[in-house]
Amino acid sequence: MRPLNLLVLAAALLATSALAQTPEPASAPPDVPAAAPAPTVSPEAALIERGRYLAVASDCIACHTAPRGKPMAGGLAIASPVGEIIATNITPSKSHGIGNYSEAQFAAALRRGVRADGANLYPAMPYTAYAALNDADVHALYAYFMKGVAAVDTPTRETALPFPMNIRASMKVWNALFLKDQPLAPAPQRSAQWLRGRYLAEGPAHCSSCHTPRGFLMQEKTNLALSGAQVGPWYAPNITPHPTAGIGTWSQDELVAYLKSGRVEGRAQAAGSMAEAITHSFSKLTDEDLRAIAVYLKETPAIGPDSSTPPTLGTRFEQGKAGNALAQFRGRTLGADSPEEIRGARLFSASCASCHGYNGQGTRDGYYPSLFHNSATAGVNANNLIATILYGVERETAEGGHVFMPPFGDQHNALNKLSNEDVAALSNYLLKYYGNPDLKVKPEDVAVIRAGGPRSPLLLVARIGMGVGAVVVALLLLLGALMLLRRKRIDPENDWK
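Going by this note's numbering, the residue at position 147 of the sequence shown is 147; the numbering climbs one at a time, nothing skipped.
Simulated from the structure, these hints should not be mistaken for lab results. We treat Cβ as the ideally placed atom computed from N, Cα and C, and that holds for glycine. Any given hint could turn out to be false.
[Said to hold, decoys possible] FRET-style restraints, in silico, Cβ to Cβ:
| id | residue 1 | residue 2 | range |
| --- | --- | --- | --- |
| 1 | Thr397 | Val448 | 27 to 37 angstroms |
| 2 | Pro243 | Pro67 | 31 to 41 angstroms |
| 3 | Lys180 | Thr249 | 28 to 38 angstroms |
| 4 | Ala116 | Gly266 | 44 to 54 angstroms |
| 5 | Thr397 | Pro457 | 35 to 45 angstroms |
Let's have the full structure, built from the sequences with the hints guiding it.
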């Protein structure tokens, strides 16, 4: 794309099992066969299973598995503000994976972003969050990746960022400035549930990696933790307990339901990278861990505008209403000079209404959500609405359900493909009639999201710096040539050569 830690939890469970006084079972009647003895689990198998659960909580598979690729074999191109970063092979392959890593080297990569060969990783790998993992959990993860993951002897292509971001050694300076390679601060006054939630949210689940805005050097702005940030084409919203900007109006039960299924009716539906996190990670965690995360999130500092004056339109989960605006457009011809709203109405009728309803209410079972009281049609920007139209929605739930909405920006599907102008017109229609009418979308906005999201200003500065550097080098070379030519002209020995 997360402290009572797992070691303490496991120890508590083992202690309870070992110390509990179990009464002698009554002897079974002769005609009842004796129950088969419970299968025993070896310490190594238990350790590997613990590591597997931690890998799920850390959502490793989402980034390190390419579409239709083998688990953990890498190859996925991860969009970042400075260019594409290629996820590496983290299977125990000795030729192309991490099979030759010692546990110390594995820990260094996980918590400090340093590979076995000494090269630095880019923080697209959330090692700044994994730095919070305790030694016992790192040991369990190492056991799982070395003994519980199938080796895949397939190379991945190298990350090729533009200069100077391609100089991995520059990350040493970045780490010195921004990496906190230390455990979470003790909080003895907090409950065990809160501590567990903090450990999961700030460590394995790495919530801040997506939901915290970043500064000029791509560092997390810790004073604005979890207040919302752009992640590629998607916007990871404010998940602080702010009453209007964040999730202050959500109950713990709603948060648990969202993490488990990716949907809360009348609130939000997960898409993009959050849908991947639901599918591969959160939906597979225990209810106790999901509850702990919810408890922690509800008690983080609330960040947002002054809430003494509630917004006119309500929170991002309360905006819009049901209504059928199509009637006013029926019978009107769509021409090249037609208003954008007519284009939007026609597109809504053709592409949206059959599933979401002409009044935008969705279906009764919530499989097709309502378009009003929906965070995609409200909020601080329309990026998630644009991205949903372009990329669609696909996720799996804990109950084995499958949620799907087709993409309408697919370059390979001419039937569904909408132009930037089409997506802008459709977005503005949806915002006006079902969401926040103050938000406006231009074709240029759609082009940015279609291209993978906004670029970092650092990239522009670097390119300008490259240009300036090239000019300086050229001038120095020219100056050197002129000086050499001048010396030859004034050297009297040159007349005899």
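Verdict for lysine 180, threonine 249 (Cβ pair) under range 28 to 38 angstroms: 32 angstroms, holds
Supplied distance hint 31 to 41 angstroms, evaluated on CB atoms of proline 243 and proline 67: Holds, since proline 243 and proline 67 (Cβ atoms, about 39 angstroms apart) stay within the stated range.
Whether the CB-CB distance between threonine 397 and proline 457 falls inside 35 to 45 angstroms: Taking Cβ atoms as reference, threonine 397 and proline 457 lie about 38 angstroms apart, which means the hint holds.
Verdict for alanine 116, glycine 266 (Cβ pair) under range 44 to 54 angstroms: Because 49 angstroms falls inside the window, the suggested range holds.
Cβ separation of threonine 397 and valine 448, checked against the hinted range 27 to 37 angstroms: Once the Cβ atoms are compared, 31 angstroms apart, the range 27 to 37 angstroms for valine 448 and threonine 397 holds.
Hint compliance for this structure: no hint is broken.
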